[in-house]
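Student: Just so you know, the UniProt record's numbering puts 250 at position 250 of the sequence shown, and the rest follows in order with no gaps.
No lab work stands behind these hints, which were simulated from the structure alone. Fair warning: this is a prediction, and the values are worked out from it, not measured in the lab. From the three backbone atoms N, C-alpha and C, an ideal C-beta is built for every residue, glycine too. Watch out, some of these pointers could steer you wrong.
List of simulated lysine to aspartate or glutamate pairs, EDC-like, C-alpha gap at most 20 Å [claimed, not checked]:
1) Lys-606 with Asp-630
2) Lys-578 with Asp-179
3) Lys-578 with Asp-652
4) Lys-145 with Asp-135
5) Lys-606 with Glu-624
6) Lys-145 with Asp-65
7) Lys-370 with Asp-286
8) Lys-371 with Asp-286
9) Lys-145 with Glu-216
10) Lys-578 with Glu-259
11) Lys-129 with Asp-65
12) Lys-370 with Glu-542
13) Lys-578 with Asp-656
14) Lys-606 with Glu-633
15) Lys-606 with Glu-649
16) Lys-129 with Glu-70
17) Lys-578 with Asp-52
18) Lys-578 with Asp-609
19) Lys-606 with Glu-216
20) Lys-371 with Glu-275
21) Lys-145 with Asp-94
22) Lys-145 with Glu-166
23) Lys-606 with Asp-52
24) Lys-371 with Asp-495
25) Lys-371 with Glu-327
26) Lys-370 with Asp-409
FRET-style restraints, in silico, Cβ to Cβ [stated by the list, open to error]:
27) Pro-281 with Pro-415: 31 to 37 Å
28) Glu-290 with Gly-40: 54 to 60 Å
29) Ala-149 with Arg-429: 49 to 55 Å
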Amino acid sequence: MRGADTVVHVTRTSAAPSPDSRRLHYGRIVITDIEPVVAGGAFPAKATVGEDIPLAATVFREGHDLIGAEAVLLDDAGDEIDRVRLVERTPGTDRFVGVVRPRSTGRFSFVIEAWADPNATWEHAASLKVPAGVDVDLMLAEGLKLLTAAEDLPGRTAEHRTVLAEAIGTLASADLPADQRLAAATSAHVRAAIDAAPLRELVTVSERMPLTVERELAGRAGWYEFFPRSEGARQDEETGRWISGTFRTAARRLPAVAEMGFDVVYLPPIHPIGEVNRKGPNNTLDPGPEDPGSPWAIGSRHGGHDAIHPDLGDFDDFDDFVAQANELGLEVALDLALQAAPDHPWVTSHPEWFTTQLDGTIAYAENPPKKYQDIYPLNFDNDLDGLSREVLRIVELWIDHGVRIFRVDNPHTKPVMFWEWLIASVNERHPDVIFLAEAFTRPPMMHALAQLGFQQSYTYFTWRNTREELEEYLTELRDVSGAFLRPNFFVNTPDILTEYLQFGGPAGFRIRAVLAATASPLWGVYAGYELCEHVPRPGTEEYIDNEKYQYRPRDFAAAEAEGRSLAPYLRRLNAIRKEHPALGDLRNIRLHSADDDSILVYSKRKDDDALIVVINLDPHATRETTVHLDLGELFPAAGAENASETDFEVHDLLSDQTWTWGEHNYVRLDPRVEPAHVLHVRTRP
Numbered sequence: 001m002r003g004a005d006t007v008v009h010v011t012r013t014s015a016a017p018s019p020d021s022r023r024l025h026y027g028r029i030v031i032t033d034i035e036p037v038v039a040g041g042a043f044p045a046k047a048t049v050g051e052d053i054p055l056a057a058t059v060f061r062e063g064h065d066l067i068g069a070e071a072v073l074l075d076d077a078g079d080e081i082d083r084v085r086l087v088e089r090t091p092g093t094d095r096f097v098g099v100v101r102p103r104s105t106g107r108f109s110f111v112i113e114a115w116a117d118p119n120a121t122w123e124h125a126a127s128l129k130v131p132a133g134v135d136v137d138l139m140l141a142e143g144l145k146l147l148t149a150a151e152d153l154p155g156r157t158a159e160h161r162t163v164l165a166e167a168i169g170t171l172a173s174a175d176l177p178a179d180q181r182l183a184a185a186t187s188a189h190v191r192a193a194i195d196a197a198p199l200r201e202l203v204t205v206s207e208r209m210p211l212t213v214e215r216e217l218a219g220r221a222g223w224y225e226f227f228p229r230s231e232g233a234r235q236d237e238e239t240g241r242w243i244s245g246t247f248r249t250a251a252r253r254l255p256a257v258a259e260m261g262f263d264v265v266y267l268p269p270i271h272p273i274g275e276v277n278r279k280g281p282n283n284t285l286d287p288g289p290e291d292p293g294s295p296w297a298i299g300s301r302h303g304g305h306d307a308i309h310p311d312l313g314d315f316d317d318f319d320d321f322v323a324q325a326n327e328l329g330l331e332v333a334l335d336l337a338l339q340a341a342p343d344h345p346w347v348t349s350h351p352e353w354f355t356t357q358l359d360g361t362i363a364y365a366e367n368p369p370k371k372y373q374d375i376y377p378l379n380f381d382n383d384l385d386g387l388s389r390e391v392l393r394i395v396e397l398w399i400d401h402g403v404r405i406f407r408v409d410n411p412h413t414k415p416v417m418f419w420e421w422l423i424a425s426v427n428e429r430h431p432d433v434i435f436l437a438e439a440f441t442r443p444p445m446m447h448a449l450a451q452l453g454f455q456q457s458y459t460y461f462t463w464r465n466t467r468e469e470l471e472e473y474l475t476e477l478r479d480v481s482g483a484f485l486r487p488n489f490f491v492n493t494p495d496i497l498t499e500y501l502q503f504g505g506p507a508g509f510r511i512r513a514v515l516a517a518t519a520s521p522l523w524g525v526y527a528g529y530e531l532c533e534h535v536p537r538p539g540t541e542e543y544i545d546n547e548k549y550q551y552r553p554r555d556f557a558a559a560e561a562e563g564r565s566l567a568p569y570l571r572r573l574n575a576i577r578k579e580h581p582a583l584g585d586l587r588n589i590r591l592h593s594a595d596d597d598s599i600l601v602y603s604k605r606k607d608d609d610a611l612i613v614v615i616n617l618d619p620h621a622t623r624e625t626t627v628h629l630d631l632g633e634l635f636p637a638a639g640a641e642n643a644s645e646t647d648f649e650v651h652d653l654l655s656d657q658t659w660t661w662g663e664h665n666y667v668r669l670d671p672r673v674e675p676a677h678v679l680h681v682r683t684r685p
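Full structure from sequences and hints, please.
Tutor: And the structure:
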């Protein structure tokens with residue numbers, strides 16, 4: 001996200017830059033438009049350990065003298081821990097860019113330092129004047145003075161001192177030709193030695209910009225959602241009565257989830273479910289006596305948000321479930337749904353936490369014309385302090401039972417200031433706790449929730465299907481909100497079965513999985529996705545026989561044994577994600593082009609790891625086209641002029657095929673066979 005247009009700077013100069021005592025807006029060297037800056041610095045930019053953070057600033061001064069710039073990473077005490085040289089990517093734009101990679105979690109900040117670069121200024125002038133025979137002796141004398149001054153600067157290695165000493169000796173040899181003396185003083189080796197500890201004049205330092213670095217799972221993870229009550233649920237053979245699954249039976253599903261390569265197992269609410277106005281199958285209002293109701297209708301005579309549904313077990317059973325998950329390398333995410341069933345204990349103990357209508361009744365949750373008769377929304381305005389502290393107590397309780405991740409239901413329906421307070425309060429004591437905002441709402445609200453502290457966010461990805469829609473959205477997530485919003489690309493949820501999945505067949509499910517798993521470091525699936533469940537309740541984007549309102553046991557093992565499951569495909573995608581660090585960053589995505597509008601092409605690069613993803617977005621038809629790669633983006637170290645000179649080898653991580661590619665490449669993708677290439681760039685001759 002671009003920062004404010006201007007930033008106040010401190011200038012390190014001995015003389016006051018103004019005859020009065022006003023604090024000037026600009027320093028001796030102008031530094032402005034710093035990135036990443038969130039809400040003018042009111043909130044910290046976000047990163048995870050090992051993530052490459054793109055940094056940028058517009059830096060310039062009067063006249064024609066050249067300048068240099070660096071980004072300096074500071075710890076919470078303001079001490080320097082890293083320094084990165086910024087370069088002007090496009091000469092003449094004054095836009096300096098670079099990348100910093102934090103190695104630990106914590107609160108950090110960074111500043112941009114800019115300075116007048118006398119050596120670069122001299123080199124530029126000398127390279128023009130000496131060959132033209134203008135001021136030759138003066139130019140060489142100035143160069144000698146600068147190299148001599150640079151030789152003894154702190155931070156210079158012995159090797160660099162040797163390089164500079166040899167250059168100084170040649171430059172001082174008046175009997176040598178001028179061009180030879182200049183060449184010795186401006187060689188690549190000399191330039192590298194100077195850049196390691198450059199001469200800096202008129203040093204100007206920007207204000208500190210806050211940065212929060214969180215643990216890896218806050219920004220890189222695969223999520224798998226399932227209902228514990230469905231795992232192990234069965235019908236009694238004699239009575240036909242459904243018997244709920246428990247934490248003990250649900251734990252049997254954990255090895256399969258871990259084996260697919262997911263990192264987080266997310267559970268919908270596990271609390272007692274209200275009996276008053278309970279919903280029946282498919283959201284009907286006439287439940288039978290054995291219908292379990294919606295887990296989001298929280299609270300009954302058995303307790304509220306600090307209790308466990310008795311059908312699932314007790315706290316010991318939950319603790320065992322969490323422990324088994326952890327042993328398999330999984331973390332448990334718990335739903336935090338701040339709402340209450342009509343028979344929740346809060347309704348009688350704290351009626352002020354709800355909205356009472358003129359007729360004396362408590363208002364149900366509504367999204368007109370929809371009405372949720374089994375849910376009362378909370379009203380924070382009646383007792384903000386009391387309700388806030390109760391929620392904090394509940395969150396702390398589940399943290400004590402091993403939960404470090406909370407998926408927050410509909411946070412956009414609660415006060416933003418409450419979330420800022422709650423997340424800050426929790427993270428102050430538990431900096432490893434992660435909150436995911438499930439907010440499908442207006443962009444300003446989604447952005448505000450992410451800025452104030454939510455570590456992850458649901459997104460509009462689910463409804464972006466065409467190449468134009470996806471390219472626009474991926475660009476927005478990278479450039480507009482990339483500094484603060486971490487998008488979790490869930491391919492489906494119990495509430496969301498898009499038309500694309502309803503009619504796309506198995507190919508559609510593969511396409512969306514490849515997109516989610518490679519475009520974002522965070523992605524998730526809801527159980528049943530691997531079975532290509534695609535039948536909706538008529539006229540909706542919800543599943544028929546929705547698991548929100550009834551038990552839905554599935555025979556995953558039989559489906560995989562019979563070749564009807566996408567579990568092996570999901571397993572491969574998660575393995576690719578773990579094997580290739582380029583997929584662990586969000587803001588390194590670069591879009592390329594194809595002649596066919598149904599072919600989406602993008603690449604990701606981190607250090608020497610580069611991947612090219614080519615996806616046929618049409619689940620019904622084979623597409624043949626030419627893909628055009630921006631090799632300057634794919635191979636930035638080669639430079640724009642040299643990037644397209646040679647071909648390179650790519651290996652498809654899905655099909656295990658290898659090809660030689662270049663700037664323009666023919667592709668044919670049959671969605672019935674494989675709708676995508678995930679190409680690892682193996683060699684660059």
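Student: Now tell me, hint by hint, if it's right for this structure.
Tutor: Now the hints, each set against the structure:
A hinted pair counts as satisfied when its Cα atoms are at most 20 Å apart, and Lys-606 with Asp-630 qualifies at roughly 16 Å. Straight-line distance between C-alpha atoms of Lys-578 and Asp-179 comes to about 53 Å, which puts the hinted pair past the 20 Å bound. Of the supplied pair hints, the one linking Lys-578 and Asp-652 holds, its CA atoms being roughly 16 Å apart against a limit of 20 Å. Restraint check for Lys-145 and Asp-135: the C-alpha separation of about 15 Å stays at or below 20 Å, so the hint holds.
For the hint linking Lys-606 to Glu-624, the alpha-carbon distance of about 29 Å lies beyond 20 Å, and the restraint is violated. For the given pair, Lys-145 sits about 17 Å from Asp-65 by alpha-carbon distance, which is consistent with the 20 Å threshold. For the proposed pair Lys-370 and Asp-286, the alpha carbon gap of about 16 Å is at most 20 Å, so the pair holds. For the hint pairing Lys-371 with Asp-286, the CA-to-CA distance comes to about 15 Å; that is within 20 Å, so the pair holds.
Restraint check: the Cα-Cα separation between Lys-145 and Glu-216 comes to about 49 Å, which exceeds 20 Å; the hinted pair is violated. Distance check on the hinted pair: Lys-578 and Glu-259 sit about 13 Å apart at the alpha-carbon level, within 20 Å; holds. Between Lys-129 and Asp-65 the alpha-carbon distance is near 15 Å, which keeps this suggested pair within the 20 Å criterion. Only pairs whose Cα atoms come within 20 Å are accepted, and Lys-370 paired with Glu-542 is accepted, the gap being roughly 14 Å.
Of the supplied pair hints, the one linking Lys-578 and Asp-656 holds, its CA atoms being roughly 17 Å apart against a limit of 20 Å. Taking the CA atoms of Lys-606 and Glu-633, the gap is about 12 Å. The hint holds against a cut of 20 Å. For the hint pairing Lys-606 with Glu-649, the CA-to-CA distance comes to about 18 Å; that is within 20 Å, so the pair holds. Under the criterion of a C-alpha separation no larger than 20 Å, the hint pairing Lys-129 with Glu-70 is inconsistent with the structure, at around 29 Å.
Distance restraint check for Lys-578 and Asp-52: the Cα-Cα separation of roughly 17 Å lies within the 20 Å cut-off, and the hinted pair is therefore satisfied. Note on Lys-578 and Asp-609: the hinted pairing holds, with a Cα-Cα distance of about 12 Å set against a maximum of 20 Å. The straight-line distance between the Cα atoms of Lys-606 and Glu-216 is roughly 16 Å, inside the 20 Å bound, and the hint therefore holds. Our distance criterion of 20 Å between C-alpha atoms is met by Lys-371 and Glu-275, whose separation comes to about 17 Å.
For the hint linking Lys-145 to Asp-94, the alpha-carbon distance of about 28 Å lies beyond 20 Å, and the restraint is violated. Only pairs whose Cα atoms come within 20 Å are accepted, and Lys-145 paired with Glu-166 is accepted, the gap being roughly 14 Å. Straight-line distance between C-alpha atoms of Lys-606 and Asp-52 comes to about 8 Å, which keeps the hinted pair within the 20 Å bound. For the given pair, Lys-371 sits about 15 Å from Asp-495 by alpha-carbon distance, which is consistent with the 20 Å threshold.
Proposed proximity of Lys-371 and Glu-327 is contradicted: the alpha carbons are some 42 Å apart, above 20 Å. In summary, the hint linking Lys-370 to Asp-409 is supported, as the alpha carbons are separated by about 17 Å, within the 20 Å threshold. Evaluation of the 31 to 37 Å hint for Pro-281 and Pro-415 yields a pass: the beta carbon distance comes to about 35 Å. A beta carbon spacing of about 56 Å between Glu-290 and Gly-40 agrees with the range 54 to 60 Å that was offered as a hint.
Taking the beta carbon of each, Ala-149 and Arg-429 are about 51 Å apart, inside 49 to 55 Å as hinted.
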